[in-house]
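Asker: Sequence:
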Amino acid sequence: IPQAARCFASTFVHGEILAHAVSLSQYDMIEFAHIFLEYLAIEGMSWCVVDEVSGDCIAFLLIDDYVAPSAEAIASGVLERMEQATPLGLGLVFGFLEEMKVACLAKLEEVGHTPARGEIFHIIAVGADPISRGRGLTMKLIGRAYFECLEAGYTSAVMEAT
Numbered sequence: 001i002p003q004a005a006r007c008f009a010s011t012f013v014h015g016e017i018l019a020h021a022v023s024l025s026q027y028d029m030i031e032f033a034h035i036f037l038e039y040l041a042i043e044g045m046s047w048c049v050v051d052e053v054s055g056d057c058i059a060f061l062l063i064d065d066y067v068a069p070s071a072e073a074i075a076s077g078v079l080e081r082m083e084q085a086t087p088l089g090l091g092l093v094f095g096f097l098e099e100m101k102v103a104c105l106a107k108l109e110e111v112g113h114t115p116a117r118g119e120i121f122h123i124i125a126v127g128a129d130p131i132s133r134g135r136g137l138t139m140k141l142i143g144r145a146y147f148e149c150l151e152a153g154y155t156s157a158v159m160e161a162t
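Last residue of the sequence shown: number 162 in my numbering, and the count goes up by one each step with no gaps.
Hints were generated in silico from the structure; no laboratory data involved.
This structure is a prediction, so every number in the text was calculated from the model and none was measured.
It cannot be assumed that every hint is accurate.
Across the chosen pairs, the derived CB separations fall in these ranges [to be verified]:
#, residue 1, residue 2, range
1, 104, 142, 31 to 37 Å
2, 69, 134, 31 to 37 Å
3, 17, 38, 23 to 29 Å
4, 155, 130, 34 to 40 Å
5, 160, 134, 19 to 25 Å
6, 107, 80, 25 to 31 Å
7, 143, 54, 39 to 45 Å
8, 44, 85, 28 to 34 Å
Every residue gets a Cβ at the ideal spot worked out from N, C-alpha and C, and that includes glycine.
Required output: the full structure, derived from the provided sequences and hints.
Answerer: Here it is as structure tokens:
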């Protein structure tokens, strides 16, 4: 988790438009990233690519269930620790994403469908460190995610892009 957290924090603050808008730094993100990845490890739906020579995480794909966190994640207390460690600027970003999620789920309910846990997976973030870009790693991770999630019974996906 420590290497993946560093890769995620660095990639997020350098490549995410919203991170620039709220002036997030890698330092701001690192504690949150560790706890966030602990949560995602419990959910068991995320992947990272590790360089065979250096052992460093060079690319990642972060996924969770769009409808609800697992009972195990709730019971572990990781969600509360994650909330406490969320940098102010990132809290604004998460607030915006939560509004979008509520609206999306409400639209589905308007047409008579109430999604359940295990139906919609959420691609939270995908990225590669600067020296590994251009190798198709993120596209391979996305392909793997779709395959694995469909195999697990998911029927839909959500991914926000900025």
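Asker: Hint by hint, which ones does the structure fall short of?
Answerer: 1, 7 and 8
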